[in-house]
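Listed below are the residues making up each chain.
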Amino acid sequence: MTPDTSDINGPVLSVRDLKVHFPIRKGVFQRQVGTVRAVDGVSFDIGRSETVGLVGESGCGKSTTGLALAGLVAATEGKVMFDGARVGSKTGRDLATYRQRMQIVFQDPFSSLNPRQRVRDILRAPLDIHGIGAPAERPQMVLDMMARVGLRPDQSASFPHQFSGGQRQRIGIARALMLKPDVIVCDEPVSALDVSVQAQILNLLNDLQAELGVSFLFISHDLGVVEHISHKVAVMYLGKIVEMADRQAIFANPTHPYTELLLSSTPSLDPRKRRNFTVSNDDVPSATSIPAGCAFRTRCPLASDICAREAPPLTPRDGTRLVACHNR
Amino acid sequence: MSQTVSGTMTDTAPERAPALEVRDLRIRIDAEAGSFTVVDDMSLAVRPGETLCIVGESGCGKSMTALSLLRLLPDGAHVERGSIRVGETDLLALSERRAEDIRGDRIAMIFQEPLTALNPVMTVGAQIAEAVCRHRGLSRKAGWAAAVQALRGVQMPDAEQRAQQYPHELSGGMRQRAMIALALCCDPAVIVADEPTTALDVTVQAQILGLMANLQREHGTAVVLITHDLAVVAEIADRVIVMYAGRRVEEAAITDLFDAPLHPYTRGLMGAIPHVGGVGRLTDIPGTVPPLWNLPEGCAFAPRCPLATAQCSAETPPLRAHRPGHLAACWNVTHDA
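Chains as they are written, first to last, in my numbering: chain A, 1 to 328; chain B, 1 to 337.
It should be emphasised that the hints constitute simulated quantities derived from the structure, not laboratory data.
Glycine included, each C-beta is placed from N, C-alpha and C at the ideal position.
Computed spacing ranges between beta-carbons, pair by pair:
1) A:GLN248 with B:SER43: 43 to 49 Å
2) A:ASN206 with B:PRO157: 42 to 48 Å
3) A:ASN253 with B:PRO74: 48 to 54 Å
4) B:SER83 with A:ARG116: 45 to 51 Å
5) B:ARG23 with A:GLN140: 56 to 62 Å
When the alpha-carbon atoms are kept at most 16 Å apart in a straight line, the in silico EDC-like pairs for lysine to aspartate or glutamate are as follows:
6) A:LYS180 with A:ASP128
7) A:LYS232 with A:ASP222
8) A:LYS273 with B:ASP259
9) A:LYS273 with B:ASP238
10) A:LYS19 with A:GLU77
11) A:LYS79 with A:ASP17
Here chain B stands alone, though its shape is the one from the complex (with noise of 0.2 Å):
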């Protein structure tokens, strides 16, 4: 492995304005049974062009954290404190309706499970043609070609044909072709995507993570990726926050993360991962995910850490930088990488 940084990676402008923009986020979820906090501290910002990939197990929040970046948080979720901006909108002040205004036409999101997140009773062609028409108020028929030529940029074979076609009728790679279409028809700045690729086969995963990189550079769009997978994080990312528990555990750019992970956590979650190319025991990590509505006092993940100390299970650990750039929430942090 060579030292130096490969030209693969993306140069981002760090001068230019983030095009979202978190800070200090909490959500709460309110249940019969109480309230618990579900994302607490989540900051970050996307610049044009960037990837910014989230990566965390089950019930880390990063889905929550997705979610509430269109305001799309189900009943019972919301935010309790922090802004959202994507631009110069503070998304959090908007009405419902000046928020439906911006959610399709500047930050669009593409799902896991695009069979569920798709229409079922309309054809591909008329859910793109719908969100164009809503955005740029085009006629039904200019909307219908943008649509066409939507599909087209999301190199959907037979763009026209398919676009006449109901979603249980594409396969599953086509389908999230046409999300991503819809997600793009209106040039959005921002886009979500929460596990894009997890539902699909891995050559088909290539495609998509193709695609979707290609469609980035040529749109200057900021992505805001959601993975459980560390190798699809590998292949995309130009930051990446890794989640544990509801907060940021660490946070880096993409070589320095793979490079000298800092947090324990991130440390594991590495070692855990069998690999093509990969050799011997894996690290397992003991015991499983705290539930969120019963985290440990202190740092959540002090009771599967192997350095855990009295002050772990006291306090929780605040996110500070320990080079520049690369920060982690971790009372015992080694440089030794």
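Isolated chain A, as found in the complex (with noise of 0.2 Å):
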């Protein structure tokens, strides 16, 4: 959306080797014991127009991510760059560029709107604070963009309890479009709705993408969704991502064994597809005390000698996708 990109094919949003630490402490003194390691060297990219979907189970770190790249947790360590130009601190005016050009939408749209301001006054603020458009266009910018995620007009004067969950829902989609950024996180934008709400709120988003050539990175804990709505996929384990490739080539031919597991647990809508779920006990380790070497070993049932001294690093293979796995 902005027009100074001097490459319109690269990406329009990097990241490099993002880290997310969270210090444990404890006692008296509170005595740093132990770290988190929420996020641990994450990268990837996203293009002008695409949707990069990320995957994985709770507490892999997928929320994180998404909280780090807007602004709302502190990353340790790594990058962040918007058309190849690096992102300077995230402080005072650097912050506010940085918002404006990446915004988020909320799990919960109950609790993520104020609920002592009217819907007006909700999509308005953005304006006001980033000092976009004259102030007396600004109420028609409102009604605009009210019109272009579906609620009506004559809403505008109403408080976020009026609205159905998935109106809630659009009202955080247009909040986040105000400013007209080239990112937008959706963190489980539609988890918390009904499949039918769900379904307008999935359609409405890919709608807005096609446009306003924005791009979306999506973070969902469900397989369908994530492969309904993305280009791209991440599949996340542990603060790491594991494997990432095209839609087509995560969901036709799942390379890692944990992106094998993730699709081999979902159940399809065919009742003459059932599987035999095996029933095994093993659960996602603490992320306070992940593993060493590769995280997954513990589950996996490739596991080897090598798997638990090295953590395997994400390679290419065959020019299609990037696994981290020794083992395949």
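Dock chain one against chain two, each of which comes alone in its own frame, and use the hints as you go.
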């Protein structure tokens, strides 16, 4: 959306080696006794009008990745680039510019909107803060955006509690779009919604992308939703990306054993294709004590000696994908 | 897709008497602002070894139905009419004390969120032992042994140690195993499971569904499973009831429902689900579920229905059999599927 792009085909957003570590403190003196490596070296690119799906189970760091990119938790390490230019310190003016290009839609449309503000004020706030448009034009900009996300203009004086869950998520999406950002982080935006409403929101996101050319980082635990909306998919496990590829490559031909496990655990919508679920007891290890070497080896059917010694790097395979596995 | 029913479906013996039978149930809520019906005309029957799924979106009355089956309706909600029979026992005719004898013994419940359903200040072993002692009159020692045995039955790793732990010390999957052990410890004839895997990750969900299917096969338990997720239904149901706004809108055997859904709501739901391997635009159902205290006249789905006619907004369609064993409540059922 910014006109000064030198390379139109290059990624709009590049993330390199992003790390978010949280200290674990204990005792009277709050001594640091350990570290949670919530995000531990994540790199990916998002192209223009592209949706990258970030999928994984709870505790894998997918939401923390999104929050760090939105500037809502501090990254420990790593860099973020827009159109190849590194984003400086996320403070002061730099942060304002950054937020203009990167917005977020949250999972819970009930707690992410201020209950005391009318919709028109919620949507106008970003314009006021960033000084976009003449003050006299802003009310019309708000109404235009409401129409675009499927809200009626006569609802502009209503408060969030007067809307249904799906409509509130539309408000959240409209708020994120007010600044015409390049990228929107969508953190489980449809998980709290009923399926019939979920479909409305997914279709809306697709329409908005086609119209506005906005890119999405779409974070979800639901493989069906991710397959539906994403162009590219990254699978995360305990802070790291274990496989990344185009949608078709991931779903037709999963390569990492964890991707395989996720896909084989997802129920199909066909009662004739019931799987014999293997009743195993394996649990995801705690993020405070991630196994040495490959983090997945404790649940992996292919695990061998090398997996305990060395963490496998994310390397290209047959030109279509990146996989972090010693045995694939 | 083959036209024959594959052998993975559980064969239910239709001649066996239902383990649970509900007839013409109506549940009402009395609120300060007035009272309204949350479940109406609910009838169902589940035979031993059979799994009945009740599927629907939030506010359709599926959880209220589940709670009523154990006489656990919250304050303000009550069964206005109808009957609930567990085997030969009419649950609604019992005193509260007698109902407690049945609950946990012949009919048990698995809740969605084990962290809130389990007692946080008792070890999981003690909770299971308490239930066994209450219903089987065992000594404390024998009760504890039965609890550990029940935890082994749900393949809890290190059952003896886990029995001595509190719910918060267990992972989500282990907690749900503990709750299943609690529900199964007295070998009930009927289990009611309200969204048992909704709070779990997909790999853990697969473990829990597999576990439930195995245990059901071993014990011949009748299962009523409440869910919003049609994929879970496809995975484990023998029969399905689709609910909308407090009523059954469709009921069928699992393959019939997925092969040829009759009700426009069911069809809409199936088109709305993004699923692995699916392509194309999702069919969304316009609008939202109406609030139960303000239902439209006639068919509650009519305002969102692509097939709605004048009749739909005037008269409530009755639930009728359109094919053997396949019921739908719609004036405009089309048989091409």
